[in-house]
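*Asks:* Listed in order, the protein sequences are those of chains A and B.
Quick note on our numbering: the first sequence kicks off at 0 and runs consecutively.
Quick note on our numbering: the second sequence kicks off at 0 and runs consecutively.
Note that these hints are calculated values from the structure, not bench results.
The reader is advised that the hints may include incorrect statements.
[Claimed, not checked] Calculated cross-link-like contacts (lysine to aspartate or glutamate; reagent style EDC-like; alpha-carbon spacing at most 20 Å):
1. A:Lys103 / B:Glu250
2. B:Lys260 / A:Glu118
3. A:Lys260 / B:Asp569
4. B:Lys260 / B:Asp222
5. A:Lys490 / A:Asp502
6. B:Lys260 / A:Asp573
7. A:Lys260 / B:Glu570
8. A:Lys260 / B:Glu5
9. A:Lys82 / A:Glu437
10. A:Lys260 / B:Asp573
11. B:Lys260 / B:Asp225
12. A:Lys260 / B:Glu118
13. A:Lys260 / A:Asp222
14. B:Lys490 / B:Glu475
15. A:Lys260 / B:Asp567
16. A:Lys48 / A:Glu85
17. B:Lys103 / A:Glu250
18. A:Lys48 / A:Glu20
19. B:Lys260 / A:Glu5
20. B:Lys260 / A:Asp569
21. B:Lys260 / A:Asp567
22. B:Lys260 / A:Glu570
There are 2 protein chains.
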Amino acid sequence: MLSDIEISRQSPCLPVTLLAERLGIDPAHLSPQGHHMAKLDPALLGQGKPRAGKLVLVSAITPTPLGEGKTVTTIGLAMGLNKLGESCIATLRQPSLGPVFGVKGGAAGGGFAQVVPMEAMNLHLTGDFHAISAAHNLAAAALDARLFHERRLGDQFTATTGLARLEIDPARILWPRTLDINDRALRHITVGLGGELDGVPRADSFVITAASELMAILALARDLRDLRARIGRIQLALNDQGEPITAEQLEVAGAMTVLLKEALKPTLMQTTEQTPVLVHAGPFANIAHGNSSVIADRLALHLADYVVTEAGFGSDMGLEKFFNIKCRQSGLAADAVVLVATVRGLKANSGQVNLIPGQPLPASLQQEDLPTLQLGCANLVWHIHNARRYGVPVVVALNRFPSDSEAELEMVLAAARAAGAEAALSQAFTQGGAGATELARAVVMACQRTKPPVGESQRLYPDTLPLAAKLATLVECGYGGRGILLSEQAKAQLAALSAAGWDHLPVCIAKTPLSLSHNPSLKGVPTDFELPIRSLTLCAGAGFVYALTGPVMTMPGLGTLPAYRHIDIDESGDIVGLS
Amino acid sequence: MLSDIEISRQSPCLPVTLLAERLGIDPAHLSPQGHHMAKLDPALLGQGKPRAGKLVLVSAITPTPLGEGKTVTTIGLAMGLNKLGESCIATLRQPSLGPVFGVKGGAAGGGFAQVVPMEAMNLHLTGDFHAISAAHNLAAAALDARLFHERRLGDQFTATTGLARLEIDPARILWPRTLDINDRALRHITVGLGGELDGVPRADSFVITAASELMAILALARDLRDLRARIGRIQLALNDQGEPITAEQLEVAGAMTVLLKEALKPTLMQTTEQTPVLVHAGPFANIAHGNSSVIADRLALHLADYVVTEAGFGSDMGLEKFFNIKCRQSGLAADAVVLVATVRGLKANSGQVNLIPGQPLPASLQQEDLPTLQLGCANLVWHIHNARRYGVPVVVALNRFPSDSEAELEMVLAAARAAGAEAALSQAFTQGGAGATELARAVVMACQRTKPPVGESQRLYPDTLPLAAKLATLVECGYGGRGILLSEQAKAQLAALSAAGWDHLPVCIAKTPLSLSHNPSLKGVPTDFELPIRSLTLCAGAGFVYALTGPVMTMPGLGTLPAYRHIDIDESGDIVGLS
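Work out the full structure, taking the sequences as your base and the hints as a guide.
*Replies:* If you want it as structure tokens, here you go:
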């Protein structure tokens, strides 16, 4: 089979103006970025007759290091729907540069189910992530500069500047700095060293851009005005009295918004089969909600009959956050859920298989092993029940691999159907959309079954429930655990958040994606666990409170043999080494 | 008069496809970025009949805090040439985001001589600076990751990875990190703190993106292949034996080049009068050469009869580096030099006027003061002689201000002519191209007088002169000083550079732009000085050695009342506060 970059290059790519014309987009709302990409202006939402398309969410079983092919299936399903004659747009998160150069060497799907041009998708795209970094770091610089000038000018600060003192507490600055890179050396740093003109020394850190609250804000904002208001609400630091200092108070919210004005527009691209794709935002799926943007979904629903979007990790993570955070804020509802599973991934979820990085795959994964697969199917069944809890039909997409036996495939399909889901094979990686028509048909049937969305029925908890009760509900109903175990710090933080009037926000739990619990070694369907909650953090701009169950890596590192070593230009100036 | 942003918004902007069509650009070489900007592929250099235009370099008298309007005059001259019926393209450096939010609130010219859309020019443009930051920081992360993994794995490193040890000396890492922001707190930092999995602790620093060697490399590269080769030569660190470690050895040069592939293409824009502009790169004019890119100049010379380009600071700085670094590497030559002067700027160069930030301007600058102006004219005469040294005709552009008297204007024009220059008033700020036709006519006449360029005659020194002799020649002939005063460190570094075979490179002196000497308080035409040279730094990728005469600010800070406070979106979503 050809390499990803070879397939990408030989796929006939429509001029983006033609792609937009087919979607009925007025050129006034299209800002071309080269010949094959364009920024789409959300202003078009007010124009023309909306299609009011069906929204299909793609989630997955508990992920494994093997990779279940969720992005490939998302792209393949969109192409499969096209093959059936349905108008369809996929909405995807933008890949981060960090993993491209660190581990993966690319993240635009794979095989015959890719977004093209894959080089653009993997490298900068239209600059949104860099714009987020710039806006984020402007706020950080503004904060440190204000701290510095207030200290340097002392009593004279207000007389000299006409500004009120903010009295920023350097020990309680809540806003890190950010870069879209894997750089472990920036995880813990000291800034402001050098001398009395070089700032105020303090401990600081960098997070990767996907972990910036601005990324979550961009993904959740309804429009430019909402973006501006959310940025104004961001709490950057506490003052000496422990009161929050917002971006509005620092007078930096307007400039941050201006830096994000173009980034608020999703990027129109296409798949290897010319199915339109909107790429926009890429928030983490642990400390943030792990979904592409509200604006992209709304634009796509306006322009097509089917919109296929993808959420991060398994259904306990990105799907739960899709319903309880994204849909709650956007007012949108899903018409169907697709759960991606693989035979290998289910075996790895059985608890019987020991995957060791760098070692050959265990025999069970390379040949038929029905007993192990049977155990693993419990995980699939759990995710089906979990998704059905939100009142939507579920379709299992079984992503077929060459090592799968017919009996194994049949076992998974039967287990899915027995649990109340539709089920179909997907072979998009090797066959493109033609390999996903069976899946597409199942999705169309599922969407026809949907009752009209009824808002609150697609939520685990109402806004009015206090934060602690929301956390407990999420663990009991969303993870299948026994409840929460709050640290003393978390208890104090919950009381403070409640007192400050933030109880109405949804919660976002950051836990391992590799288990339904907080413990990655608990495979399958653990139930006998209490989820330890160490601390809580308010994201006033994004509009949720996230809870940490343990350390979360917000700045990855480069491994010993990083992917960048093989990325280069060849003799003709073409890029090599992305996949 | 209208504000800059109002003038920008009401200027009729041609679709970039039409602008390109007028220049005879094949659409295959044009990558639209929105409707009013496009990336221009250097591949077009091999296509069609080149115009072999005349190259006009815009420099200035010794700059003052008043601002002499060099960018306004550059844009105005290009528009003035258009008014005369000549085809003309201006090539400009891209503004840095740092000063936009720090001091100026914008840097795209001003009044009726602006690049439009000015919001795009001032904010991200097409993302080149962010791409440079990303490529720069990838190398920094790669360096720290390799240091970390070699230490962590110890003797097992090679057995585990198959890679030879680089033995990076953490105390001699030559490559900082970079961001396009004014952030004093990042000037001196400690990275790698936190714990044994979070990198190797060491002192580090951030520089602003314009100070990255990659910025100078982008500005000097001939094409993608040359870019790749230059990046490979960058010396990132020394090993434990004091030997250089290059980006090639770290295997990161290919990935860095890939990140810069689109940034290598200049951005086509236009002025308020639809004169084409190529915006590309923006290296510092102290530790780098302070000129826009070789590729942009070559593309513009291919497409137009006149190309107007701008160099940083006064003729002792950007102009000297234009001839001795940029032209030496590119093989291009200038046909004429324009020196921008103002009555106020010359008075401020007299040594008789004391400008205090935040205080009202001295009376001499607000009313006629011929004796002070007479003293200041010596600075203009020096710059004329300095520019004529390179064998090109000189035209003084006297940028008129409302406070200038007729007698003052006449005195400057007469002094310029007496020193062997053409001279003309420029009123581009208030009148656009119509205010610069007299200047444009003088430039056309000057270009007609030019003898064919003769390469070495436009250099102060030959390649073959040793580095120390180049420095001495530059100070004696380029600054009018008595010679150089080398620190012990500088002597040792010169000996080491010579021994390592770098004597063939040109030199780049980083000194204050506010005096011809290294001492900003020596106004007018100081001659009795020796230039102290503290240290030397090899830029093996950019292809020069820079000399520090004192501390150079490579990371600016935000002031007490930064410009970002007034930048915002208004009710209709338009940007306000840029100027």
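*Asks:* Look at each hint and say if it fits the structure.
*Replies:* Now the hints, each set against the structure:
1. For a cut-off of 20 Å, the pair hint linking Lys103 of chain A to Glu250 of chain B stands: about 17 Å separates their Cα positions.
2. For the proposed pair Lys260 of chain B and Glu118 of chain A, the alpha carbon gap of about 11 Å is at most 20 Å, so the pair holds.
3. Our distance criterion of 20 Å between C-alpha atoms is met by Lys260 of chain A and Asp569 of chain B, whose separation comes to about 12 Å.
4. Between Lys260 of chain B and Asp222 of chain B the alpha-carbon distance is near 10 Å, which keeps this suggested pair within the 20 Å criterion.
5. In summary, the hint linking Lys490 of chain A to Asp502 of chain A is supported, as the alpha carbons are separated by about 14 Å, within the 20 Å threshold.
6. With a C-alpha separation of about 9 Å, the suggested pairing of Lys260 of chain B with Asp573 of chain A holds against the 20 Å cut-off.
7. The straight-line distance between the Cα atoms of Lys260 of chain A and Glu570 of chain B is roughly 14 Å, inside the 20 Å bound, and the hint therefore holds.
8. Using a Cα cut-off of 20 Å, the hinted pair Lys260 of chain A and Glu5 of chain B holds, with the two alpha carbons roughly 19 Å apart.
9. Distance check on the hinted pair: Lys82 of chain A and Glu437 of chain A sit about 10 Å apart at the alpha-carbon level, within 20 Å; holds.
10. For the proposed pair Lys260 of chain A and Asp573 of chain B, the alpha carbon gap of about 9 Å is at most 20 Å, so the pair holds.
11. Distance restraint check for Lys260 of chain B and Asp225 of chain B: the Cα-Cα separation of roughly 12 Å lies within the 20 Å cut-off, and the hinted pair is therefore satisfied.
12. For the hint linking Lys260 of chain A to Glu118 of chain B, the alpha-carbon distance of about 11 Å falls within 20 Å, and the restraint holds.
13. Distance check on the hinted pair: Lys260 of chain A and Asp222 of chain A sit about 10 Å apart at the alpha-carbon level, within 20 Å; holds.
14. Proposed proximity of Lys490 of chain B and Glu475 of chain B is supported: the alpha carbons are some 19 Å apart, at most 20 Å.
15. Proximity of Lys260 of chain A to Asp567 of chain B is assessed by CA-CA distance (about 10 Å); at most 20 Å being required, the pair is judged to hold.
16. At roughly 18 Å between alpha-carbon atoms, Lys48 of chain A and Glu85 of chain A fall within 20 Å of each other, so this suggested pair holds.
17. Of the supplied pair hints, the one linking Lys103 of chain B and Glu250 of chain A holds, its CA atoms being roughly 17 Å apart against a limit of 20 Å.
18. Simply put, Lys48 of chain A and Glu20 of chain A have alpha-carbon atoms about 15 Å apart, close enough for the 20 Å limit, and the pair holds.
19. Annotation: proposed proximity of Lys260 of chain B to Glu5 of chain A holds, straight-line Cα distance about 19 Å (limit 20 Å).
20. Under the criterion of a C-alpha separation no larger than 20 Å, the hint pairing Lys260 of chain B with Asp569 of chain A is consistent with the structure, at around 12 Å.
21. About 10 Å separates the Cα atoms of Lys260 of chain B and Asp567 of chain A, which keeps this hinted pair within 20 Å; it holds.
22. Taking the CA atoms of Lys260 of chain B and Glu570 of chain A, the gap is near 14 Å; set against the 20 Å cutoff, the hint holds.
Hint compliance for this structure: no hint is broken.
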